[in-house]
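Trainee: One letter stands for each residue in the lines below.
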Amino acid sequence: MAERVGIYVCHCGSNIAGTVDVEEVARWAGQHIKDVVVSKDYKFMCSSLGQAMIEEDIKTKGLTRVVVAACSPHLHEKTFRRACANAGLNPYLCQMTNIREHVSWVCTDKAAGTEKAKALVSASAERVKYQRPLEPMYVDVNPATLVVGGGIAGLQAALELADAGHPVYLVEREPSIGGHMAQFDKTFPTLDCSACILTPKMSEAGQHENITLLTYSELEEVSGSVGGFTVKIRKKARYVDYDKCTGCGICSEKCPRKVIDTVFEAGIGERKAIYSPFPQAVPRIPVIDVDSCLYFTRGKCQVCSKVCPTNAIDYEQKDELIEVKVGNIILATGWKLFDCARMPQYGYGRLANVFTNLEFERLCNAAGPTNGKIVLRDGKTEPKSVAIIHCVGSRDVNYNEGCSAVCCMAALKLGHLVLEKTNAEVYSFYIDMRTNQKMYEEFYQRLLAEGMHFVRGKVAEVTDAARNPDEQGKLIVQCEDTLLGRQRRIPVDMVVLMSAMEPQADAKELGLKCGISCSMAGWYTERHPKLDPVATMTDGVFVAGVCQGAKDIPASVAQGAAAAARVQGMITKGRVMIEPIVATIDEEGCSGCRICNNLCPYNAIEFDEEKKVSRVIAALCKGCGTCVAACPAGVITGAHFNNQQIFAEIEGALWDAAAAKTEEETATQSVSA
Amino acid sequence: MSKAKGKLAVYWAASCGGCDIALLAIDDKILKVSEAFDVVFWPCAADGKVHDIEKMADGEIDVCLFNGGIRTSEQEYMAQLLRKKSKVLVAFGSCAHEGCIPGLANLNNRQECFDTAYRDTPSTENPQNVRPRHETQVPEGTLYLPVFYDTLKTLDQTVPVDYYLPGCPPEADRIWDAIVAILEGKLPPPGSVIGSDTTVCDECPRKRTEKKIKKFHRTWEIIPDPDTCLLEQGLLCMGIATRAGCGALCPQVNSPCIGCYGPNNDVKDHGARMMSALASVIDSQDPGEIQQIIEEGIPDPVGSFYRFGLAHSLLRRGKLAADGNGHK
Amino acid sequence: MSDETFEPKIVGFMCNWCSYRAADLAGSARIKYPPNVRIIRVMCSGRIDPTFVLKALSLGADGVMVAGCHPGECHYIDQNYKAMRRFGMLKHMLAAMGVEAERVQLVWASAAEGQQLADAVEKLVADVRALGPLNWPGNWNEHKDRLEAIESMVKEHAEAMEVLP
Chain S
1 MAERVGIYVC
11 HCGSNIAGTV
21 DVEEVARWAG
31 QHIKDVVVSK
41 DYKFMCSSLG
51 QAMIEEDIKT
61 KGLTRVVVAA
71 CSPHLHEKTF
81 RRACANAGLN
91 PYLCQMTNIR
101 EHVSWVCTDK
111 AAGTEKAKAL
121 VSASAERVKY
131 QRPLEPMYVD
141 VNPATLVVGG
151 GIAGLQAALE
161 LADAGHPVYL
171 VEREPSIGGH
181 MAQFDKTFPT
191 LDCSACILTP
201 KMSEAGQHEN
211 ITLLTYSELE
221 EVSGSVGGFT
231 VKIRKKARYV
241 DYDKCTGCGI
251 CSEKCPRKVI
261 DTVFEAGIGE
271 RKAIYSPFPQ
281 AVPRIPVIDV
291 DSCLYFTRGK
301 CQVCSKVCPT
311 NAIDYEQKDE
321 LIEVKVGNII
331 LATGWKLFDC
341 ARMPQYGYGR
351 LANVFTNLEF
361 ERLCNAAGPT
371 NGKIVLRDGK
381 TEPKSVAIIH
391 CVGSRDVNYN
401 EGCSAVCCMA
411 ALKLGHLVLE
421 KTNAEVYSFY
431 IDMRTNQKMY
441 EEFYQRLLAE
451 GMHFVRGKVA
461 EVTDAARNPD
471 EQGKLIVQCE
481 DTLLGRQRRI
491 PVDMVVLMSA
501 MEPQADAKEL
511 GLKCGISCSM
521 AGWYTERHPK
531 LDPVATMTDG
541 VFVAGVCQGA
551 KDIPASVAQG
561 AAAAARVQGM
571 ITKGRVMIEP
581 IVATIDEEGC
591 SGCRICNNLC
601 PYNAIEFDEE
611 KKVSRVIAAL
621 CKGCGTCVAA
631 CPAGVITGAH
641 FNNQQIFAEI
651 EGALWDAAAA
661 KTEEETATQS
671 VSA
Chain L
1 MSKAKGKLAV
11 YWAASCGGCD
21 IALLAIDDKI
31 LKVSEAFDVV
41 FWPCAADGKV
51 HDIEKMADGE
61 IDVCLFNGGI
71 RTSEQEYMAQ
81 LLRKKSKVLV
91 AFGSCAHEGC
101 IPGLANLNNR
111 QECFDTAYRD
121 TPSTENPQNV
131 RPRHETQVPE
141 GTLYLPVFYD
151 TLKTLDQTVP
161 VDYYLPGCPP
171 EADRIWDAIV
181 AILEGKLPPP
191 GSVIGSDTTV
201 CDECPRKRTE
211 KKIKKFHRTW
221 EIIPDPDTCL
231 LEQGLLCMGI
241 ATRAGCGALC
251 PQVNSPCIGC
261 YGPNNDVKDH
271 GARMMSALAS
281 VIDSQDPGEI
291 QQIIEEGIPD
301 PVGSFYRFGL
311 AHSLLRRGKL
321 AADGNGHK
Chain X
1 MSDETFEPKI
11 VGFMCNWCSY
21 RAADLAGSAR
31 IKYPPNVRII
41 RVMCSGRIDP
51 TFVLKALSLG
61 ADGVMVAGCH
71 PGECHYIDQN
81 YKAMRRFGML
91 KHMLAAMGVE
101 AERVQLVWAS
111 AAEGQQLADA
121 VEKLVADVRA
131 LGPLNWPGNW
141 NEHKDRLEAI
151 ESMVKEHAEA
161 MEVLP
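Residue numbers (my numbering), protein chains in the order written: chain S, 1 to 673; chain L, 1 to 328; chain X, 1 to 165.
Keep in mind the hints are simulated off the structure, nothing from the lab. The reader is advised that the hints may include incorrect statements.
[To be verified] To spell it out: a stretch of chain S is covered by chain L in this simulated footprint if at least three of its residues, at any positions, have a beta carbon under 8 Å from a beta carbon of chain L; those stretches are:
hint, region
1, 18-25
2, 597-604
3, 627-638
Where is the CB? At the ideal position from N, CA and C, for every residue including glycine.
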């Protein structure tokens, strides 16, 4: 039986009607497209009246298919699907034609716009006849959640969920949670002590009955899908018995082996071979660094074992693989610091008194290696002048095109700390001053009042080659002051490089494990940059904090909470709807050639060794259709995007070109008749 | 036998004659065929005249097995004639079904075909550059030769076809299956290909695993392992995209499938299916390397992917000039 | 068809997440580009089967655009690499069939690249316009003397064999 197609062409006020003759499109479709029984135009199809019109026609005219030619399906597909469902028509029998974003807004000529709109309507109308009713699928949601990353974003997410009564596994690869925030002295713009606001959250997480803390652990493998992931986690060997250790710290105190701490102390402080990264670490259980431990490298020492009052040292400990089951995953894996040595013109690594901002944070920190004294690399001299260089490795096409978002404010904060703690002059070399959050601009004004000097321009180089006696023994910052319009050379004692935030080196790899992708810059891609900033393309996987893009602490906290809220929503609902756009394999036709087997990044295709056929696991399939296009036997069908539908769409789109062909074929047949 | 004997016609157009031989390769079962049918026309095996067919009533022939594609006006005429006179017209073998090897000449036009046949081949001795012409004046009047077309068409691009029997040539067992189906009246819906719903892999005993291909080899470049999937060894085996029915004859003798049975049901374009599948498993993400793997490994993509199906593919032929007269 | 009036008909296959949204963005930003491309949405460039391209050409499209997310940015992890490989294969085959390379173009555009997508359309349309119509359905039009030849054969038979057709 022929389908009964209804076509609805929207004016969108004058948005569409301005460059497309919508009445003509509707009239033409009604006359020329086969099986069309209603074809109308209307001022605003998405209005309640417009929707009511469609619903009414479905009921009274017995429409079996609906085409709405209006805006992008990304905007209103759900609206019109719902309208169809209201009238008892399966929502997947409705097709949208994008004649606004793809036609009226990009065309200048009304006649051409109208022709293009006709072709697109024709394509949709031909396609919709082959669409099949689909039923959404549901799966139960495991209430447990995995949070990867114990920085402030991950902590916030974990605490929100745990406080709501849901189990959380918090995985952190360092020996302690806390992340970068634990390294800072003060936070802008309020100058709160970073540790004072962070450590309560850390200990809360450490003690929370609903949080299982898995520090010094890494995500190994993720399988399953939204609602029911199975996650393998590698708990790296600490060589300290987690249950026996009381965290008294005697082992670290007595350990004879000191090494440079390149992680927590950013390379300017030391730690022992058995260590907790910092005094407030959570958990307090230390780890042995086998690369520097004397027992592990040379076979003798064992001091820690001798001094441990609880016999907690276990040199035989092995990595442990554990498996947890969760319904959702939140990735809050943070960032790494740009390697300033990549910009040799700034002298980092070559000129002793060029510091990264992270090193400088540790210098300022009262619990840091200098007890908060700002001194030169020699460990004693207080600088008389400090230059802070912005945008090192960010806003630079050679390194990172994007802005690191926090450095302007961090530079102001560090400038303030220098002014507060020393008598030094402070120069800020900035490209643009970006202080666009609550109380940020006020903080900038405060620094201007405090006497920090601001030079607008990108620094060309930092050098120790003096040109005059004033520059002797100094670091000279060479820069074009774009406000003065001339080159300046400013001699200083110390240079701080505000280094870019970069994605973690293994961000992409982790993303692959969880089935999410990264942007060109390497940050995780959110489902929608504006309207869905913490969800990802993989249902059940959320992102929070800097791993999604550079941002400051308040924004990270907000995202952590947002991700937790999204997960809570899923848990409360108890089950989740999956779009029925999945692939299926006709087992009768499958010859088990196994071409499709490794095409699926979600491992949704399994091979049945017994029957020698491949099979799609619907719950894992995301519906991309790659296997459909690859199946050499043509026995994989992609729901809602099957070959028949797409071929019909192509034919419809080329209705005016196809007409020529039909004429020719008719001519051929007349001969044979 | 109480039932009246049926009438059978067998015809060849642009083909090699292998299909006629294949029909005889059903051995003594041919006697069963002659029990059931009077062979009214079979130029390859029995005497018969076109005008005898022309004299018949429409639909008088019960079954016509038509092999070969349509390259000339004579073949087109015969296709029309046999269509008109036959109740059931079967496109027999790859040529009638898909164009087969003669269809590969669709990469060229008539001019180029003639240049090759009447000038360029080493064995040709034709100093006066004599070419076939449609009309030739002789003292007795005008002599006509069939017009040679630029494009070879399949049988169903020329006249409506009831059934297809694939293969180059069709396997004897499959021919017999089809004949039995015809005799017993157990034919699938008109328009069907009489054959399997799976691909050659289904009949191939080789061991298959997940596929990743870093390099394509020509058959003479490697000695393949006899137990592993040939495609996994980098040989361009069309078995994955080719209809089963032959019993995986070629892979069983260590030679990759060349695709003579054509594509599976509902596949619009055999070569495109194969290209898509094969390209998907190329083991590289670098555009330059991908291009190199493809261009070095598959020097003749049309000959590889459309060896049998060019005339029946979506594009049907290489590009001609817009006037359709082959003048490039 | 004279060159002045030739308006190329082009089919664009675009992935739901990047290129289709880039086209949406071009619209929202009111970027103007030639109206010749008719966009067909698929979920991923990995869904784009070479058959689609051939189908479009065989129906009379003068050009085809295949568009996806940038390599490494696919919303389905890495499926656009499969599109890249298939495109490479298809290009190789089309060249052998005599179809000019400029007629079928692969474009990567992220959801933020409305302008780039519009530029790519502009380029494709200009390239195809310069090449002229492809007119594939006319590509197997037979010789005009074909009907005559068949009729002459019938006549010949009728005369020689005294059989009426």
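Trainee: Going through the earlier hints one by one, which of them does the structure break, listed in rising order?
Mentor: Hint check: 1 fails alone, others pass.
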